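Chemist: This is what each chain is made of:
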Amino acid sequence: MTVATRPDHVPPALVRDFDFHRDPQFRTDPFRAFERVRGDRIFWTPADGGYWVLTRSADIRAVLRDTELFSSDRVSISATPVWPRRMIPAELDPPEHGRYRRLLLPLFSPNAVAGMDSRIRHECVRLIDRFRANGSCELLTDLAEPLQNKVFLDIVGLPQDQADLFRKWKRGLMQAADRERRKAAGADLIAFFEEQLDARETAPQPTRRDVIAVLLQSRVDERPLTRDEVLDTLILLFMAGLDTLVTVAGFSFRFLAEHPEHRRQLAASPALAPQAAEELLRVHSIASVSRTATRDTELCGVRIRRGDRILAATSLANRDPREFDAATEVRFDRPANRHIAYGAGPHRCIGSHLASRELAIILEEFHRRIPEYGLPDGYRVRTGGGALASIEAVPLVWRVA
Amino acid sequence: MTMWITVDTSVCCGHGRCAAAAPDIYRLDDNGYCRIESLELLSGQEDAARAGAASCPERAIRIADRRLGPDPAAAS
Chain C
1 MTVATRPDHV
11 PPALVRDFDF
21 HRDPQFRTDP
31 FRAFERVRGD
41 RIFWTPADGG
51 YWVLTRSADI
61 RAVLRDTELF
71 SSDRVSISAT
81 PVWPRRMIPA
91 ELDPPEHGRY
101 RRLLLPLFSP
111 NAVAGMDSRI
121 RHECVRLIDR
131 FRANGSCELL
141 TDLAEPLQNK
151 VFLDIVGLPQ
161 DQADLFRKWK
171 RGLMQAADRE
181 RRKAAGADLI
191 AFFEEQLDAR
201 ETAPQPTRRD
211 VIAVLLQSRV
221 DERPLTRDEV
231 LDTLILLFMA
241 GLDTLVTVAG
251 FSFRFLAEHP
261 EHRRQLAASP
271 ALAPQAAEEL
281 LRVHSIASVS
291 RTATRDTELC
301 GVRIRRGDRI
311 LAATSLANRD
321 PREFDAATEV
331 RFDRPANRHI
341 AYGAGPHRCI
351 GSHLASRELA
361 IILEEFHRRI
371 PEYGLPDGYR
381 VRTGGGALAS
391 IEAVPLVWRV
401 A
Chain D
402 MTMWITVDTS
412 VCCGHGRCAA
422 AAPDIYRLDD
432 NGYCRIESLE
442 LLSGQEDAAR
452 AGAASCPERA
462 IRIADRRLGP
472 DPAAAS
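Here the protein sequences line up with chains C and D, keeping their order. Heads up: the first sequence begins at 1 in the working numbering, then just goes up one per residue. Heads up: the second sequence begins at 402 in the working numbering, then just goes up one per residue.
Calculated directly from the structure, the hints in this document are not laboratory data. Check before you lean on any hint, since a few could be wrong.
Stated by the list, open to error - Label pairs and their in silico Cβ distance ranges:
1) Leu469/D x Asp221/C: 35 to 43 Å
2) Ala393/C x Asp466/D: 53 to 61 Å
3) Asp425/D x Glu180/C: 49 to 57 Å
4) Ser411/D x Thr2/C: 35 to 43 Å
5) Thr2/C x Trp405/D: 35 to 43 Å
6) Ala393/C x Ser439/D: 46 to 54 Å
7) Arg468/D x Pro95/C: 26 to 34 Å
8) Trp405/D x Ser136/C: 22 to 30 Å
9) Ser411/D x Arg119/C: 46 to 54 Å
10) Leu69/C x Arg468/D: 53 to 61 Å
11) Leu69/C x Leu469/D: 37 to 45 Å
12) Pro84/C x Ser411/D: 43 to 51 Å
13) Asp466/D x Glu96/C: 40 to 48 Å
14) Met402/D x Arg380/C: 56 to 64 Å
What the hints assert, rightly or not - To spell it out: a stretch of chain C is covered by chain D in this simulated footprint if at least three of its residues, at any positions, have a beta carbon under 8 Å from a beta carbon of chain D; those stretches are:
15) 219-229
16) 375-388
Model, not experiment: these values are computed from the prediction. Backbone N, C-alpha and C fix where the C-beta goes; we use that ideal spot for every residue, glycine too.
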């Protein structure tokens with residue numbers, strides 16, 4: 001890690017010891033760990049080359065919305081990017097950003113997602129029925145991950161029989177501290193995408209529109225997308241779409257396993273699931289993105305220099321007591337839950353409707369079948385910080401009649 | 402009393418939370434963005450309209466007793 005020396009424009013009083021990638025507190029509860037800095041409105045940390053941290057919802061939303069002053073050219077604070085080029089469309093700024101994003105929007109709209117409901121539900125129930133009689137499961141590998149793999153491969157237009165390989169590459173890319181292993185996983189994944197694209201370019205297109213079909217058939221600036229542009233988009237969807245829902249499901253079930261009164265609410269009224277999903281997303285907001293100042297400016301009364309990096313942690317926005325009553329409490333009946341777990345502004349997560357529905361389906365179908373459960377005695381769930389908070393395993397046990 | 406909703410569509414980012422709260426009022430386009438710019442509410446729709454407006458993460462929706470013009474402050 002590169003620790004920066006404080007630049008002249010950063011007042012010493014605003015420097016804090018903060019590192020959401022490596023602070024051990026993030027290994028048990030990343031969201032609580034973020035709350036440590038709640039007392040400051042804005043501060044600067046020398047970690048990872050130095051960056052500013054905002055803590056209030058209104059400030060975070062303002063930065064995410066002002067794409068002219070705060071560029072998305074590098075969305076992750078970490079100095080070791082997994083991908084050598086800019087990911088499309090996350091790392092493009094408007095108006096270029098919109099030209100690519102627009103292509104994908106119809107595939108992920110609330111209407112499109114409503115059309116996938118029964119297929120997702122069917123698969124979810126099939127997976128639950130496989131472990132229900134065992135009296136135990138590991139929420140991530142037995143349910144959330146296989147479900148999300150299927151949904152992801154389906155919407156992107158990749159063969160379902162590759163799910164195991166995908167898991168291996170995902171682990172290698174996103175969880176390996178080892179740079180060589182990450183590189184190898186990245187190369188394998190790209191080779192796989194290339195192979196699939198070659199096959200699709202020559203084969204007749206499927207009747208159902210999927211991401212690959214859209215990318216191969218669309219035009220941007222009156223020309224087809226280049227192979228690199230297609231890959232830069234697929235990589236982004238892979239990074240943003242494959243693990244995020246699995247992680248949020250993991251955090252949600254850890255919470256429910258430890259909070260019987262919330263669990264019973266869901267078991268008693270499964271129709272509560274969509275609202276419960278939004279509230280669980282609010283308190284388990286895993287994404288912390290970065291923006292870069294495009295010119296000298298002022299932010300929250302502080303001088304910011306062109307090129308300064310700013311961390312917008314959705315967890316800090318969504319647990320801000322200025323924004324939400326009893327912000328750290330989980331209330332399934334919370335009115336007007338305008339959380340930004342999916343970000344805000346033009347870069348709002350394109351998969352938000354899909355993810356919310358999947359989480360609601362998992363909550364509903366699981367609690368219909370397994371209303372009472374818990375973590376094994378003495379088990380401690382391990383988590384991680386970083387651009388996308390992570391959770392390792394969520395083993396659950398219940399009594400079988 | 403007649404009530405109006407006004408949606409600043411330049412601020413809408415397609416969260417779709419308005420439509421989730423009040424699907425009959427906040428209609429979305431094929432991309433999932435709110436396509437209502439201003440709409441006179443029917444009697445009895447007020448509570449649902451308010452719930453939809455209050456759930457917008459971008460603060461793009463305003464409710465008033467008259468049709469509102471563009472609000473330059475809404476984007477700030």
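Chemist: 43 to 51 Å was suggested as the range; check whether the CB atoms of Pro84/C and Ser411/D agree with it.
Modeler: Taking Cβ atoms as reference, Pro84/C and Ser411/D lie about 34 Å apart, which means the hint is violated.
Chemist: Indicate whether the distance between the beta carbons of Ala393/C and Ser439/D respects the range 46 to 54 Å.
Modeler: holds (51 Å)
Chemist: Assuming the hint says 35 to 43 Å, is it satisfied by the Cβ distance from Ser411/D to Thr2/C or not?
Modeler: Check passed, 39 Å falls within 35 to 43 Å.
Chemist: Between Leu69/C and Arg468/D, does the beta-carbon spacing fit 53 to 61 Å?
Modeler: Since the Cβ atoms of Leu69/C and Arg468/D sit about 32 Å apart, the hinted range of 53 to 61 Å is violated.
Chemist: Between Leu69/C and Leu469/D, is the Cβ distance one that fits in 37 to 45 Å?
Modeler: Cβ of Leu69/C to Cβ of Leu469/D: about 27 Å, so the range 37 to 45 Å is violated.
Chemist: Is it true that Trp405/D and Ser136/C lie within 22 to 30 Å of each other by Cβ?
Modeler: violated (55 Å)
Chemist: Determine whether the Cβ-Cβ distance between Thr2/C and Trp405/D falls within the hinted range of 35 to 43 Å.
Modeler: violated (54 Å)
Chemist: Take the C-beta atom of Arg468/D and the C-beta atom of Pro95/C, compute their distance, and say whether it sits inside 26 to 34 Å.
Modeler: holds (30 Å)
Chemist: Mind taking a look at whether chain D covers the stretch 375-388 of chain C? Criterion is 3 or more residues with CB to CB distance under 8 Å.
Modeler: Per the Cβ count (0), the hint is violated.
Chemist: Does the hinted range 49 to 57 Å hold for Asp425/D and Glu180/C at CB?
Modeler: For Glu180/C against Asp425/D, whose Cβ atoms are near 56 Å apart, the range 49 to 57 Å holds.
Chemist: For the pair Ser411/D and Arg119/C, does the Cβ-Cβ distance stay inside 46 to 54 Å?
Modeler: Once the Cβ atoms are compared, 35 Å apart, the range 46 to 54 Å for Arg119/C and Ser411/D is violated.
Chemist: Please test the hint of 35 to 43 Å on the beta carbon pair from Leu469/D and Asp221/C.
Modeler: holds (36 Å)
Of the numbered hints listed earlier, those contradicted by the structure are 5, 8, 9, 10, 11, 12, 15 and 16.
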